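Now for the letters of each chain:
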Amino acid sequence: MPSRHPVICGIGLSDYPVVPHLNSVQHHALAARRAIADCGIAKSAIDGYVSTSGGGPAAGDDAVSMAEYLGVNHRYIDGTMVGGSSFEFHVQHAAAAIREGLCDTVLITYGSDQLTRMGRVLGTGGFQRDAQPVTGAMQMATPYGLPLVGAYALAARRHMHEFGTTSEQLAEIAVGVREFAGLNPDARYRDPITVDDVLSSRMIADPLHKLDCCVITDGGGALVMTTEEIARDLRQPPIYVLGSAGTQTHWNIHQMPDFTEMGAAVCGPEAFAQAGVTPADIDTAQLYDSFTITVMLMLEGLGFCDRGEGGAYVEEGHLRRGGSMPTNTDGGGLSSNHPGMRGIFLLIEAVRQLRGDAGEAQVPDAELALACGSGGWLSAIATVILGKDRPS
Amino acid sequence: MRVVSDLEWQGPVPAGEGEYGEFFAAAAEGRLLIQQCPECGHRQHYPRAICTACGAEPEWMEAAGTGTVYTYTVVRQYGVPAFAELPYVLAMIDLPEGVRMFGGLTGIDPETVEIGMPVTAYARTYDDTHAMIFWEPA
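First to last, the protein sequences are chains A and B.
Mapping to our numbering: the first sequence position 378 is 378, numbers consecutive.
Convert by adding 1000 to the 1-based position in the second sequence; the result is the number in our numbering.
Careful: at least some of the hints might be erroneous.
Label pairs and their in silico Cβ distance ranges [stated by the list, open to error]:
1. B:1068 <-> A:306: 18 to 28 Å
2. A:391 <-> B:1042: 53 to 63 Å
3. A:18 <-> B:1030: 32 to 42 Å
4. B:1029 <-> A:210: 58 to 68 Å
5. A:197 <-> B:1085: 26 to 36 Å
6. A:199 <-> B:1005: 26 to 36 Å
If the Cβ cut is set under 7 Å, some of the chain B residues that face chain A in the computed set are [stated by the list, open to error]:
7. 1073
8. 1077
9. 1113
In short, the hints are calculated from the structure, not lab data.
Predicted model, so just to flag it, every value in this text is computed and none were measured.
Glycine included, C-beta positions come from ideal geometry on N, C-alpha and C.
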């Protein structure tokens, strides 16, 4: 029987970081064109489409509108929108659909013109810029003036209190990611920075400095997933989905059950168990770096280090180029690109690494890569483990 | 619970739809409400039409209006005009009744806030019949 094991066979990035001539829908389309060309599949073979629904910033880039625009008459559609980690959830859903035979080939796309359209206001300009009454659970927070950065600062402060984590340790994450950004000609910021640079950058919301925060850019990305069988005839070597799991512990930050433990502690072990591997087996990690604290909570939750030991772990240099767990090798959201929902770039970079196509940032002999996305306010977390070799 | 009037407030306000309305109305009368489930005893905040633990219909209960700081941040940059007076402190407060609540922490030098410090709730009205909960050092 032909293998229906799900694989990622095509990847595409649209242009970034500053792209004033493209709108969100055009970012979707450019990334899709490049992903289709990357694997060489006939566009007509695509019978599944997945994108975020209603969460995109431009009118008309919800999943059904985009399926029409891209010309995908799908047998399987998913518009899961859980924020930045949506695409890790998408891979989980598409893998199940492919395995089950609901469809054979899925296109996943993302595009955002956030920087060009809104400027750099998301983190500190408020998600609500007028005085309209606030509905839903956000009315318990937004009227007090809670910026996006402030929500993550609450978690960082508690981590410092419980475990003695320092601003220097959080800064080390930003410094390591910037080092990788220096190897990526397209990254938003490429000049090396030091821990002192992070600490002397403007305090936005204690204890998070400006350089603890991700950049804001334009951009887009696309993935093509199919069966192992179909992938045999395509241009690129298949990258196997070995494990994929997601969870949601809360949505609004004020409902986070424990501010020092994120859902990675639930979906990480689940994904590792599916893949039959352990954190020590992973060659490179792509971790959603909306803020430095996001990475630290993820490292602990996924089990790369013990809970509360994230500070010491990053200080030892594991995340750096040449370290034991090179992390965010494209320059991450902290330095390269973050158009609003970054999850798809984690997957694209993981695939590049496993193909051996990561250029100067290539992790030697990378065979297993992990992508972990965080959506909302450390809320909806999903982990995907990818491998270059056929699972036994 | 002390109630102060701030009818000049120009910032965003709660819409107060559904169960939220009762919470903000009670605050204007000096009562801090949380919910307790008559079936399983679970307590929760924010107010909802279902017990998140067992699925029954929760009831209101009045909290003492005391708590301790679980975590906090000092906001130093925010581009929303209503919050132009920087810096200010936002905190998660642990209530002795067993729920955690987000709010503004006022009446304190931001540099001296500490996790674990005891605080007291007060209400600040934003229209004639509704108020938001704030906190100040006990």
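Outcome of the hint check:
no.: 1; hint: B:1068 <-> A:306: 18 to 28 Å; in the structure: holds, 27 Å
no.: 2; hint: A:391 <-> B:1042: 53 to 63 Å; in the structure: violated, 42 Å
no.: 3; hint: A:18 <-> B:1030: 32 to 42 Å; in the structure: violated, 53 Å
no.: 4; hint: B:1029 <-> A:210: 58 to 68 Å; in the structure: violated, 43 Å
no.: 5; hint: A:197 <-> B:1085: 26 to 36 Å; in the structure: holds, 29 Å
no.: 6; hint: A:199 <-> B:1005: 26 to 36 Å; in the structure: violated, 42 Å
no.: 7; hint: 1073; in the structure: holds, 4 Å
no.: 8; hint: 1077; in the structure: holds, 5 Å
no.: 9; hint: 1113; in the structure: violated, 9 Å
Hint compliance for this structure: hints 2, 3, 4, 6 and 9 are broken, all remaining hints hold.
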